[in-house]
Amino acid sequence: MIKFSQVSKKFTIPPSRNSHTLFRAISRGMNNPSARKTILALDKVDLCISRGEILGIIGPNGSGKSTLLRIIAGIYKPTSGVFQVEGAASSLQIKISFFPDLSIKENIFLFGAIRGFNRKEMGRRFDKIINLSGLNEFVNAEARVLSEGMGDRLAFAVSVETARDILLLDELALAGDSKFRGKCCKIVLQLKKEQKIVILASHDLEVVSELCDNTLLLNKGKVIAFGKTKEVVNRYLKLLET
Amino acid sequence: MKIFDRKYINLVRELTFFNFKSRDQGTVLGFAWTLLHPFLMLTILYMLFSKRLGRGIDHYEIYLLIGIIQWNFLSTGTNEGLKSILNSRSVLRNVYIARTAVVLSPVLSVFLSFLLELLILGGFILFSGLGFSPAVLFLPFVILIQLLLVISISLVLSCLNVYFKDTGHIWNILLKIGFFTTPVFYTIPMFISKAKMNAYFMNPMTQLMIFMRQIILSKTPPSLVNMLLVFLAVLIVLAACYSIFKRLEDGVIERI
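Protein chains in written order, with the working numbering: chain L, 128 to 369; chain F, 39 to 294.
Treat each hint with caution, since some may be false.
Chain F is nowhere near these chain L residues, computed Cβ spacing over 10 Å in every case [as the list claims (entries may be wrong)]:
1. Leu174
2. Pro187
3. Asp228
4. Leu237
5. Ser274
6. Gly276
7. Asp304
8. Phe307
9. Lys355
10. Glu368
Below are the BS3-like pairs computed for lysine-lysine, each with C-alpha atoms no more than 30 Å apart in a straight line [what the hints assert, rightly or not]:
11. F:Lys45 - L:Lys255
12. L:Lys204 - F:Lys121
13. L:Lys323 - F:Lys121
Simulated from the structure, these hints should not be mistaken for lab results.
All C-beta atoms, glycine included, are put in the ideal place defined by N, C-alpha and C.
With the hints as constraints, model all of the structure from the sequences given.
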């Protein structure tokens, strides 16, 4: 289960690139508050997601979707509020950026290690990952040769095969051709059957409507609507019209 | 993921392997660059200083090589550590990963090169007819102390490098100063004042070089008291640097 209670996240932004230098910081004072600006990325978000649920997160760019996912993943800590995530935090993931100098095979084992799997455990998953991503001919090729679509397919396959309790997917994860997308949707629904939580942040309202039980609509860090997907998507469409 | 946890060790091993493999990948000489650097330095410094500063030092080439290898590990290890967080920003921003592992692994990959350089140094020692004594058993302890020192410095530098863009430049100036104020290619001057001498010996790299040269060249074990004192000092530095890293790491992730 994932529970958010009045969770807020503020970011401090320095005003210019020059303020990043040590000499400038010393000459102006390390903690000079006038040199800082803050941005409220999430504003008192309340949320509850149960096992076996697929949650969609929608909203315009800069609405706080990625920040919310990063808090769930343990990458960011909230500035205020309480949140509770039941599940293996190390298995949470948003989007994979592969190491271009390593081969596809080495990347798979490395990301397995990042998510807490040893070589033996990843060896058992390896063939499934390669088959799902359809990259059988590229196993020993460097990751730099992959196109964006191929990278997304591999990222999705690694994420799904190493997901323990919670799978976080960003909008790119379901990219690819329609055949692969159909495959992804089936897998996500299978994960739901296995009582796993899937959270999908996306601009693709069609995919969200097809997969998600409930949806959260964010705008400028605030929760605008949270509930049944159909109603929330309609609300978002109205918001886009205004 | 906790340190000493099986998953953490597996992660550090995989990342170290990745760093070690990709460091010189794509260059014409590949891994040979890693080993070539200290030996080119040896050739240059030996040609420049063997007649003046090396006078009176038995096996000056080995004396010099020990200094270069130890300094090279400090310099390359801390520089790789310094860049580690920014180099892994795309992973750190998108995946939950133990941040210490991201700093530790490039340092350990340089440590592997350091060990290989020490093996070649061993070959030099045998070739020169100097040979080894049982004092060599103290060598792993000296190596461990230096590894902990490099990790400590890297932990702090990796965070500072995210906050301040000129950290790398400042650190490299400090390393240059350190290179000339540490007995890498000369012996410890006996003609300076006591106060300056004390400051000189406060430099842990001076102590570590003295230990290693004593073990290899004098074939006698270093003073246990001195070794323990340096070890304790490095442990305190490590604890302080780790605590600074833990305080800064969340802010660092938000800035990359």
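Here's how the hints hold up against the structure:
| no. | hint | in the structure |
| --- | --- | --- |
| 1 | Leu174 | 19 Å, holds |
| 2 | Pro187 | 21 Å, holds |
| 3 | Asp228 | 4 Å, violated |
| 4 | Leu237 | 5 Å, violated |
| 5 | Ser274 | 18 Å, holds |
| 6 | Gly276 | 18 Å, holds |
| 7 | Asp304 | 24 Å, holds |
| 8 | Phe307 | 21 Å, holds |
| 9 | Lys355 | 30 Å, holds |
| 10 | Glu368 | 32 Å, holds |
| 11 | F:Lys45 - L:Lys255 | 22 Å, holds |
| 12 | L:Lys204 - F:Lys121 | 24 Å, holds |
| 13 | L:Lys323 - F:Lys121 | 37 Å, violated |
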